[in-house]
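Engineer: With the hints as extra help, turn the sequences into a complete structure.
Chains S and U are the protein sequences, given in the same order.
Letter 320 of the first sequence, counting from 1, is numbered 320 in UniProt numbering, and no numbers are missing.
Letter 20 of the second sequence, counting from 1, is numbered 20 in UniProt numbering, and no numbers are missing.
Hints are all accurate, no fakes.
Calculated lysine to aspartate or glutamate pairs in the DMTMM-like style (CA-CA distance at most 25 Å, straight line):
#1 K507(S) - E701(S)
#2 K155(S) - E64(U)
#3 K420(S) - D614(S)
#4 K348(S) - E337(S)
#5 K425(S) - E737(S)
#6 K11(U) - D313(S)
#7 K348(S) - E32(U)
#8 K741(S) - E418(S)
#9 K420(S) - E745(S)
#10 K274(S) - E337(S)
#11 K155(S) - D74(U)
#12 K507(S) - E465(S)
#13 K65(S) - E521(S)
#14 K261(S) - D340(S)
#15 K41(U) - D53(U)
#16 K11(U) - D36(U)
#17 K348(S) - D36(U)
#18 K155(S) - E73(U)
#19 K65(S) - D378(S)
#20 K155(S) - E61(U)
#21 K348(S) - E269(S)
#22 K41(U) - D313(S)
#23 K62(S) - D30(S)
#24 K261(S) - D36(U)
#25 K420(S) - E738(S)
These are computed hints drawn from the structure, not numbers from a lab.
Read off the chains here:
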Amino acid sequence: MSRTPLDTVEHAAATPDVELPWAELGLKKDEYERVVEILGRRPTGAELAMYSVMWSEHCSYKSSKVHLRQFGEKAPESDALLVGIGENAGVVDVGHGYAVTFKVESHNHPSYVEPYQGAATGVGGIVRDIIAMGARPVAVVDPLRFGAADHPDTKRVLPGVVAGIGGYGNCLGLPNIGGEVVFDSCYQGNPLVNAGAIGVMRHEDIHLAKASGAGNKVILYGARTGGDGIGGASILASETFDDAKPSKRPAVQVGDPFQEKLLIECTLEAFQEKLVVGIQDLGAAGLSCATSELASNGSGGMRVTLDDVPLRDSTLSPEEILMSESQERMCAVVEPEKVDRFLEICDKWDVIATVIGEVTDGDRLEIYWHGGKIVDVDPRTVAHDGPVYERPYARPSWQDELQADDANKLPRPSSADELKDQVLKLVASPNQASKSWITSQYDHFVQGNTVLAQPEDSGMIRVDEESGLGVAIATDGNGRYAKLDPYAGAQLALAEAYRNVATTGAKPLAVSDCLNFGSPEDPAVMWQFAEAVRGLADACQQLGTPVTGGNVSLYNQTGEVAIHPTPVVAVLGVIDDVARRTPVAFQEEGQLLYLLGDTREEFGGSAWSQVVHDHLGGLPPQVDLERERLLAEILISASRDGMIDSAHDLSDGGLIQAVVESALLGGKGARLVVPDGLDAFTFLLSESAGRAVVAVPRSEEVRFNDMCGARGLPVTRVGVVDGDSVEVQGEFTLTLEELRKAHEETIPALLA
Amino acid sequence: MARVVVDVMLKPEILDPQGQAVQRALPRLGFEGVSDVRQGKRFELEVDGPVDDSALARIHELAESFLANTVIEDFTVKVEEVKAEAGK
Chain S
1 MSRTPLDTVE HAAATPDVEL PWAELGLKKD EYERVVEILG RRPTGAELAM YSVMWSEHCS
61 YKSSKVHLRQ FGEKAPESDA LLVGIGENAG VVDVGHGYAV TFKVESHNHP SYVEPYQGAA
121 TGVGGIVRDI IAMGARPVAV VDPLRFGAAD HPDTKRVLPG VVAGIGGYGN CLGLPNIGGE
181 VVFDSCYQGN PLVNAGAIGV MRHEDIHLAK ASGAGNKVIL YGARTGGDGI GGASILASET
241 FDDAKPSKRP AVQVGDPFQE KLLIECTLEA FQEKLVVGIQ DLGAAGLSCA TSELASNGSG
301 GMRVTLDDVP LRDSTLSPEE ILMSESQERM CAVVEPEKVD RFLEICDKWD VIATVIGEVT
361 DGDRLEIYWH GGKIVDVDPR TVAHDGPVYE RPYARPSWQD ELQADDANKL PRPSSADELK
421 DQVLKLVASP NQASKSWITS QYDHFVQGNT VLAQPEDSGM IRVDEESGLG VAIATDGNGR
481 YAKLDPYAGA QLALAEAYRN VATTGAKPLA VSDCLNFGSP EDPAVMWQFA EAVRGLADAC
541 QQLGTPVTGG NVSLYNQTGE VAIHPTPVVA VLGVIDDVAR RTPVAFQEEG QLLYLLGDTR
601 EEFGGSAWSQ VVHDHLGGLP PQVDLERERL LAEILISASR DGMIDSAHDL SDGGLIQAVV
661 ESALLGGKGA RLVVPDGLDA FTFLLSESAG RAVVAVPRSE EVRFNDMCGA RGLPVTRVGV
721 VDGDSVEVQG EFTLTLEELR KAHEETIPAL LA
Chain U
1 MARVVVDVML KPEILDPQGQ AVQRALPRLG FEGVSDVRQG KRFELEVDGP VDDSALARIH
61 ELAESFLANT VIEDFTVKVE EVKAEAGK
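Structural biologist: Listed below in structure tokens is the structure:
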């Protein structure tokens, strides 16, 4: 077998005219020229591999960076923020010496190709981000979006994704406490599989991704490196440098949750003994990312011997090793005298660990292979100084027409019977129907600290058994609202997640986001993105909840057609005592139902307009962030002081959807009275934001009303918890049995 | 009547956690010298009628669309004649 000579730095300098497959690796001509300019010569194959993956949209945020800066510039002052944007995940102070880290990421494209493994490794990746901060992961959440519920391909993708999330998360022993499932034909060829995780640590245990201290060792530990997830690198390695190699490698990565569990325990034990100077998980771009980020965030350089990387497949080329996305791997920087102990701990947990390099006092990242130097770069140019694009953006020409197509003008039910039919149709529609067939495949209560899980408004986990301190998390996003107005749509996503956290009694503290959009090369999509980021940053500033990190997923489109702009927002909150939480379910008959907030005629983007008219047009509900803040304060106070026994935020589907859910979960009906000044249709189905419905024990009625009155929050008595049906006086009655059948049979009928 | 065997294996470059678990267990049980294990699935299909080209094409199709996940797995199809049972 004839091999071409190793493409070392020396060889590259001596052969400036060799053509490299930069275009096949996804680099643009000017980007490649920039690499040549930075290095002062042509890159070696290995260097090209590193630059191409690290300068990809996914790793470099080259299209989104200029907009994302607003999250920093507009960040509100927050005493709670311990670590902000830029690390593996943000960290928030929750009191009693505890810190919580959380983040949401996307794994959209892999999950479409191979739903089970794509979704499973999405969970694995986000959990490693949490470990890398020094925290023990305590819960996961999964916001999911699929194509039409009755489309055959949804039946391929959804069960695989759900099984993958359950399979990986359940094996790890992590409760899945929240998320969403949304169906819309815009996601048919491009489902959104976002994954979030929460971790808990003591303040002093926070770890960062940096390599400092010359002489410190770089240790790669976890699974062996195989040919997983090497996208473009196969072209580089198999066609240009060595024609005799096995053919193309798949982009699919297979996860091993039991290996990940060992990685968690082993890493936490090493942290416990203070053996780790810096740490980074290996995710997208694998070793290329880990080495260049660790080195560029630290004080010195780094020297790595690639021959020492344990391989699953001995035929891998150095380029492939650098780009492999094999799962369940981490990279730690450890002082020389602590290396033995670190390796001992890894051995105890049956985790393969190898010293692959060391921190140097220079400022270069040097990588060796078979004795030759194949990479010699300034790590900052790889990790941080990637291209930055000011992509053109323009409000699409169809936006005005879309907004003019007012949903408030759609034909409304003309009789009580028609209203009843539409309500029944709404609660049975795939988006509004019970998702328990999906969420019951996830473990909710493992570890014994889950306080609330789906279908509650937010998931809640107890952090401290003694004091009852806990955290809550909610994720929300409404692509339909964002399509109508991306600025308002992003704010509504934040407002809903914020409201959901407060509804359970927790105080919202911080935000993570996963921004799912189409191609940034389309000015219309770029405009949607720019507007959504601006909206979210403005709203975070006003609500005092900083963005701590997150992820951008672009190119979510099929051909020329982009998905709805879908900013998914996660809000983390803290509650002093989880015993004070407020559930969704009605607790006791006779309790009074109050509607908090103002109800206007707002049907643009509503569930009603989708279910009854298959319509998307008009404007989304009005945003009033000061109102959201006031509502949250009332809900938190009422929960702490025991003034409410159940609460549910109003969002898609409006009041009737919320009341039906509370009734079915509690097994108790409700009698509703249409308040003065509202028609029954608007009362039941409008989606005005900044609202919640609460059940107040009669003994607390005066106190609760006084509190709302004193703080200036509109409060309307709308009914009472009673009986075994939901009755809207003067309009219609639906028995709980009818409602349960409609609400709970839809999803299993479509997907089971 | 004939038996058609479909063997399904993870593609060589795909991680095989099950195979790895078996491989790691071997030395613990005193079986040395096995450096790698990969685990697959074997399907035995009893086919009515002759196994001609069209029957094999059908089996190929069902293996590709149902028995194997060709994103991460390879499969092979082979025919095994079943010996006639005595007394029939």
